[in-house]
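Novice: Here's the letter readout for the chains.
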Amino acid sequence: MSILKETGGQKFLGIIQNNAVPILFGIIVLIGIPLSGYSVGYLGQEIVVRIARNSFLIIALLIPIMAGMGLNFGMTLGAMAGQIGLIFMADWGIVGIPGMILAMIISTPISAFLGWMCGKILNMAKGREMVTSYIIGFFINGVYQLIVLYGMGAVIPIKNPALVLPRGYGIRNTVNLITIRKTLDNLFAIKIFGISIPIATMLVITILCIFVIWFRKTKLGQDMRAVGQDMEVARAAGIKVEHTRIVSIVISTILAGYGMIVYLQNIGTLNTYNSHMQIGMFSIAALLVGGATVNKASIGNVFLGVSLFHLMFIVSPTAGKNLIGEAQLGEYFRVFVSYGVITIALVLYEVRRRREKARGGRLLAQEQAENMEENT
Amino acid sequence: MAYQGPPVLELRNICKEYFGNQVLTDVSLSLHKGEILGLVGENGAGKSTLMNILFGMDVIQRTGGYSGEMLIEGKLVKYQSSFDAIADGIGMVHQEFSLLPDFSATENILLNREPHKRSFASEVFGERLDLLDRKSMVEKARIAISKLGVSIDSAMIVGSMPVGHKQFTEIARELSKDSIRILVLDEPTAVLTEQEASILLEAIKNLAAEGIAIIFISHRLQEVIDVCDTVVVMRDGKVVRTESSKDLTIAQIARWMVGREVTQHADRRQFDYDNTPTVLSIRNLWVDMPGETVRDVSLDIHKGEILGIGGLAGQGKLGVPNGAMGLFPAGGTIIFEGKRLPLNQPRAFLDAGMAFVSEDRRGVGLLLDESLDWNISFAAMQVNNKYLKRYLNGLLMWRDEKEIQKVALEYINALEIKCTSYKQKAKELSGGNQQKICLAKAFALSPRLLFVSEPTRGIDIGAKSLVLQALRDYNEKSGTTIVMISSELEELRAICDRIAIVADGRITGILPSDSPSEDFGLLMVAGQPMSMEEHA
Numbered sequence: 023m024s025i026l027k028e029t030g031g032q033k034f035l036g037i038i039q040n041n042a043v044p045i046l047f048g049i050i051v052l053i054g055i056p057l058s059g060y061s062v063g064y065l066g067q068e069i070v071v072r073i074a075r076n077s078f079l080i081i082a083l084l085i086p087i088m089a090g091m092g093l094n095f096g097m098t099l100g101a102m103a104g105q106i107g108l109i110f111m112a113d114w115g116i117v118g119i120p121g122m123i124l125a126m127i128i129s130t131p132i133s134a135f136l137g138w139m140c141g142k143i144l145n146m147a148k149g150r151e152m153v154t155s156y157i158i159g160f161f162i163n164g165v166y167q168l169i170v171l172y173g174m175g176a177v178i179p180i181k182n183p184a185l186v187l188p189r190g191y192g193i194r195n196t197v198n199l200i201t202i203r204k205t206l207d208n209l210f211a212i213k214i215f216g217i218s219i220p221i222a223t224m225l226v227i228t229i230l231c232i233f234v235i236w237f238r239k240t241k242l243g244q245d246m247r248a249v250g251q252d253m254e255v256a257r258a259a260g261i262k263v264e265h266t267r268i269v270s271i272v273i274s275t276i277l278a279g280y281g282m283i284v285y286l287q288n289i290g291t292l293n294t295y296n297s298h299m300q301i302g303m304f305s306i307a308a309l310l311v312g313g314a315t316v317n318k319a320s321i322g323n324v325f326l327g328v329s330l331f332h333l334m335f336i337v338s339p340t341a342g343k344n345l346i347g348e349a350q351l352g353e354y355f356r357v358f359v360s361y362g363v364i365t366i367a368l369v370l371y372e373v374r375r376r377r378e379k380a381r382g383g384r385l386l387a388q389e390q391a392e393n394m395e396e397n398t
Numbered sequence: 006m007a008y009q010g011p012p013v014l015e016l017r018n019i020c021k022e023y024f025g026n027q028v029l030t031d032v033s034l035s036l037h038k039g040e041i042l043g044l045v046g047e048n049g050a051g052k053s054t055l056m057n058i059l060f061g062m063d064v065i066q067r068t069g070g071y072s073g074e075m076l077i078e079g080k081l082v083k084y085q086s087s088f089d090a091i092a093d094g095i096g097m098v099h100q101e102f103s104l105l106p107d108f109s110a111t112e113n114i115l116l117n118r119e120p121h122k123r124s125f126a127s128e129v130f131g132e133r134l135d136l137l138d139r140k141s142m143v144e145k146a147r148i149a150i151s152k153l154g155v156s157i158d159s160a161m162i163v164g165s166m167p168v169g170h171k172q173f174t175e176i177a178r179e180l181s182k183d184s185i186r187i188l189v190l191d192e193p194t195a196v197l198t199e200q201e202a203s204i205l206l207e208a209i210k211n212l213a214a215e216g217i218a219i220i221f222i223s224h225r226l227q228e229v230i231d232v233c234d235t236v237v238v239m240r241d242g243k244v245v246r247t248e249s250s251k252d253l254t255i256a257q258i259a260r261w262m263v264g265r266e267v268t269q270h271a272d273r274r275q276f277d278y279d280n281t282p283t284v285l286s287i288r289n290l291w292v293d294m295p296g297e298t299v300r301d302v303s304l305d306i307h308k309g310e311i312l313g314i315g316g317l318a319g320q321g322k323l324g325v326p327n328g329a330m331g332l333f334p335a336g337g338t339i340i341f342e343g344k345r346l347p348l349n350q351p352r353a354f355l356d357a358g359m360a361f362v363s364e365d366r367r368g369v370g371l372l373l374d375e376s377l378d379w380n381i382s383f384a385a386m387q388v389n390n391k392y393l394k395r396y397l398n399g400l401l402m403w404r405d406e407k408e409i410q411k412v413a414l415e416y417i418n419a420l421e422i423k424c425t426s427y428k429q430k431a432k433e434l435s436g437g438n439q440q441k442i443c444l445a446k447a448f449a450l451s452p453r454l455l456f457v458s459e460p461t462r463g464i465d466i467g468a469k470s471l472v473l474q475a476l477r478d479y480n481e482k483s484g485t486t487i488v489m490i491s492s493e494l495e496e497l498r499a500i501c502d503r504i505a506i507v508a509d510g511r512i513t514g515i516l517p518s519d520s521p522s523e524d525f526g527l528l529m530v531a532g533q534p535m536s537m538e539e540h541a
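If you read the sequences in order, they're chains A and B.
Read in order, the letters of the first sequence are residues 23 to 398 in this note's numbering.
Read in order, the letters of the second sequence are residues 6 to 541 in this note's numbering.
Warning: the hint list may mix true and false statements.
As the list claims (entries may be wrong) - Taking lysine-lysine pairs in the DSS-like style, the calculated list, with each CA pair at most 25 Å apart, reads:
| id | chain 1 | residue 1 | chain 2 | residue 2 |
| --- | --- | --- | --- | --- |
| 1 | B | 182 | B | 83 |
| 2 | A | 239 | B | 182 |
| 3 | B | 482 | B | 469 |
| 4 | B | 152 | B | 210 |
| 5 | B | 407 | B | 423 |
| 6 | A | 262 | B | 182 |
| 7 | B | 38 | B | 140 |
| 8 | B | 407 | B | 391 |
| 9 | B | 243 | B | 423 |
| 10 | A | 379 | A | 33 |
| 11 | B | 80 | A | 262 |
| 12 | A | 148 | A | 262 |
| 13 | A | 239 | B | 140 |
| 14 | A | 213 | A | 239 |
| 15 | B | 122 | A | 239 |
| 16 | A | 142 | A | 262 |
| 17 | B | 482 | B | 423 |
| 18 | A | 262 | B | 251 |
As the list claims (entries may be wrong) - With the Cβ distance kept under 7 Å, some of the chain A side facing chain B (calculated, not the full set):
| id | residue |
| --- | --- |
| 19 | 239 |
| 20 | 241 |
| 21 | 242 |
| 22 | 252 |
| 23 | 255 |
| 24 | 259 |
| 25 | 260 |
| 26 | 261 |
| 27 | 382 |
| 28 | 383 |
| 29 | 387 |
| 30 | 388 |
| 31 | 390 |
| 32 | 391 |
If you're looking for bench data, these hints aren't it; they were derived computationally from the structure.
Heads up, the beta-carbon is just placed ideally off N, CA and C, and yes, glycines get one too.
For reference, chain A alone in the conformation it holds in the complex (with noise of 0.2 Å):
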């Protein structure tokens, strides 16, 4: 007797659990949409927005989830690799796509030895990937800072006096990205009942989710899967344990650095010192939101995640006026639930793993009752 009897209500509550974070923010959103009154073409125009804006950013995630190392805060580092691409690109003058072109070119290698360097020190820190990941972000923040509040301008050589702090050397607070606002969402754009959907980005972003699934049915894709199963039974198969784990954060970090140059493409502007710290989390907290948990992700999660989570930011500053008076519920609300969320996910993921222990217990229950049955 292996298999567990369940009653129909046991199912569901296990359905119903295991989906709690997607259906929580569903049931919020609802409430939410009546009481903010906007209209469904100006909601739907919002979320395609956000769709184009975070979707890369959030698939950067999936591959490091699919090798066993959890939500991988690194993701910040390939978005400094990519600011530093933006900050080279607005210095030169090089304007539209090449513009975008250029600096993910130049974010690639930093974002790969930034990945490489992260993946080292994960390899060290198995099992606390999460938040060694998240302290790496901190650290590298700092070198970050080092090198564009300080080297740019003094030894690194800037041109563009628009660029520097009056001091002269240093980036501004904020760099102007107007050569290169929207040209990709405005590439090729088309309206659909009123709605207008940004077709290149989108194309982009297809293209992305073809790379992730055709790179699961790939050698090295499996054998990420295997070590994100099992590190032992991998290694006894033969395959590079370490070696593998280092390439999955260098692709999820040179995938988050082109990312970042898609996501302030739509923005429109790079705040220098503030734009990457909370990337990580958000787009974190959004996966989690589309259903996502830390050993498991699809690309169903990134696109549900997105809506759900900026439909929610949307509607929360109306709705919040309209019921109390208050507009700043929203950024409030951003914050609080973000890290909110990301807490009950790793509450849930817990939950879940004892209650699958917690199986071997039944099932020894039920077969000795049967057993006694059988003998009365």
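On the provided structure of chain A, position chain B as indicated by the hints.
Specialist: Below, chain B without anything else, positioned relative to chain A:
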């Protein structure tokens, strides 16, 4: 049976020492193409060590290698790692599954040996970006499974398979290697139902008929007799018998396994069961302890006795005390001194007046980085509020260092614990002395019932008898009931009044400790399908 040509595998005078402990002495055996060799023996007989040597496991090199010769098809080999052994066509199916739960059977069978085809990216980035060739993967897996003669859905996710299919998948993985010549199966039927086991045994015979040499390790002796050509019995690191399986009986093999003729223990006592009350009564206990599952155990323990619980490793004897204390999920009823004990609450177990000396000395038993006096006193301090100074009517409690030191010195002297002082750290002591600290800690709780699990595991012979004597003395002086769990039948027989044997998670019998060892041997392998004559 006569075999052609040189043996596929020959071991000559293999000896192995672990830290001065001789675990294998002059082991020689030979295995021919198509032969099934049954390897049986009690725990610690040296079977696993021998297989580790054969498979080139790291642990052998790390502990100083082995002496003797190993020949594969007449060629002398010395493996540096298990990958060398795999390359030479040796396949091993371990007792624990090493399968990936989220992969399908196919993916598991071909793990890291997947056929792949080139793709545009692999031209640039190398062959790790080759696409997996799913079609030929399925085909290869199918061939491997069909060699076994069973039907498994190769697309099924391993995590949702019944255990029997997992076992088949694991074997199929070895079979999918083209070079496979020798297959080692370590307790392959332990987790299987009777029906699954008979399918597997049939499959093993088929494999042998195809020319694969098989080493079959099992505690189920009837299976060994049924399926094997040759039976090798090991005991205490030596091969004691190599026999053709024809005309062997379970009783014979069980006797060889347990071996040692009954030595009379001079100080045996007659325990008066009729006039002593039951102190602990266990009813329908189940315990979900990984690798030591307990099923439906009922047991009555009398006040003042020493009860032994024996059995082979992995059969569930360790699960009984661990479940009773609540260290692993458990269910059923436990009544101690007439009161029902809440399960899964270690504190309730301790408060009721029981104590447990765990087999996991370093993990559960000791605070390795703390001093001996702390180790001895901390449990009693927590549970009994002993060794504390009270202020303000007990609102404020302070450690009573003097009392702690006094009691530590007492036990250090009484148990002859070798240490520089009571301030020495627990991790610096030898295994035997660490065990005595664990006992002292339990004694300090002054329990009315004491569970002691594997008290002599990993300690040398001299220390063993001291530990056993300490238990016996404690039982006699304080009248504490002791339940001792051990894999070594001899040491159970040395101090216990009765011995219960656990097999397959159930108690198969309780005998007085002076019963012949053969009877115990039979109980250990009981609960298994036996042939008709044996029953009669």
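Novice: Take the hints in turn and mark each one as holding or not.
Specialist: Now the hints, each set against the structure:
About 21 Å separates the Cα atoms of residue 182(B) and residue 83(B), which keeps this hinted pair within 25 Å; it holds. Between residue 239(A) and residue 182(B) the CA atoms are separated by roughly 22 Å; this keeps the pair inside 25 Å, and the hint holds. Taken as a hint, the residue 482(B) and residue 469(B) pair is honoured in the structure, with Cα atoms around 20 Å apart against an allowance of 25 Å. The straight-line distance between the Cα atoms of residue 152(B) and residue 210(B) is roughly 11 Å, inside the 25 Å bound, and the hint therefore holds.
For the given pair, residue 407(B) sits about 21 Å from residue 423(B) by alpha-carbon distance, which is consistent with the 25 Å threshold. The suggested pairing of residue 262(A) with residue 182(B) holds, with an alpha-carbon distance near 20 Å, which does not exceed 25 Å. This hinted pair does not check out: residue 38(B) and residue 140(B) have alpha carbons roughly 32 Å apart, beyond 25 Å. Taken as a hint, the residue 407(B) and residue 391(B) pair is honoured in the structure, with Cα atoms around 12 Å apart against an allowance of 25 Å.
Proposed proximity of residue 243(B) and residue 423(B) is contradicted: the alpha carbons are some 32 Å apart, above 25 Å. Taking the CA atoms of residue 379(A) and residue 33(A), the gap is about 17 Å. The hint holds against a cut of 25 Å. For the given pair, residue 80(B) sits about 30 Å from residue 262(A) by alpha-carbon distance, which is inconsistent with the 25 Å threshold. The hinted pair formed by residue 148(A) and residue 262(A) meets the criterion: a straight-line CA distance of about 15 Å does not exceed 25 Å.
Distance hint between residue 239(A) and residue 140(B) is fulfilled; the C-alpha atoms sit about 13 Å from each other, no more than 25 Å. A C-alpha spacing of about 35 Å is found between residue 213(A) and residue 239(A), which places the hinted pair above 25 Å, so the restraint is violated. A hinted pair counts as satisfied when its Cα atoms are at most 25 Å apart, and residue 122(B) with residue 239(A) qualifies at roughly 11 Å. A C-alpha spacing of about 14 Å is found between residue 142(A) and residue 262(A), which places the hinted pair at or below 25 Å, so the restraint holds.
A distance of roughly 23 Å separates the Cα atoms of residue 482(B) and residue 423(B); the hinted pair therefore holds under the 25 Å criterion. A C-alpha spacing of about 47 Å is found between residue 262(A) and residue 251(B), which places the hinted pair above 25 Å, so the restraint is violated. Among the interface hints, the one on residue 239(A) holds; its C-beta lies about 5 Å from the nearest C-beta in chain B, closer than the 7 Å criterion. Annotation: residue 241(A) was flagged as interfacial toward chain B, and the flag holds, the nearest CB pair being 5 Å apart, inside 7 Å.
A cut of 7 Å between beta carbons decides the hint on residue 242(A): the least distance to chain B is about 4 Å, and the hint holds. At about 6 Å, the closest approach between the beta carbon of residue 252(A) and any beta carbon in chain B falls short of 7 Å, and the interface hint on this residue holds. The interface hint given for residue 255(A) is met, as the beta carbon of that residue sits about 5 Å from the closest beta carbon of chain B, less than 7 Å. For residue 259(A), the shortest C-beta to C-beta distance to chain B is roughly 4 Å, which falls under 7 Å, so the interface hint holds.
Because the smallest distance between the Cβ of residue 260(A) and any Cβ of chain B comes to about 5 Å, under 7 Å, the interface hint for this residue holds. Among the interface hints, the one on residue 261(A) holds; its C-beta lies about 5 Å from the nearest C-beta in chain B, closer than the 7 Å criterion. Nearest Cβ of chain B to the Cβ of residue 382(A): about 4 Å, under the 7 Å cut. The hint holds. Interface hint at residue 383(A): satisfied, since its Cβ lies 4 Å from the closest Cβ of chain B, which is below the 7 Å cut-off.
For residue 387(A), the interface hint holds, since its Cβ comes within 7 Å of a Cβ in chain B; the closest pair sits about 5 Å apart. The beta carbon of residue 388(A) comes no nearer than 10 Å to any beta carbon in chain B, farther than 7 Å, and the hint placing it at the interface is violated. Among the interface hints, the one on residue 390(A) holds; its C-beta lies about 5 Å from the nearest C-beta in chain B, closer than the 7 Å criterion. The beta carbon of residue 391(A) comes no nearer than 9 Å to any beta carbon in chain B, farther than 7 Å, and the hint placing it at the interface is violated.
In this structure, the earlier hints numbered 7, 9, 11, 14, 18, 30 and 32 are contradicted, and the remaining ones agree with it.
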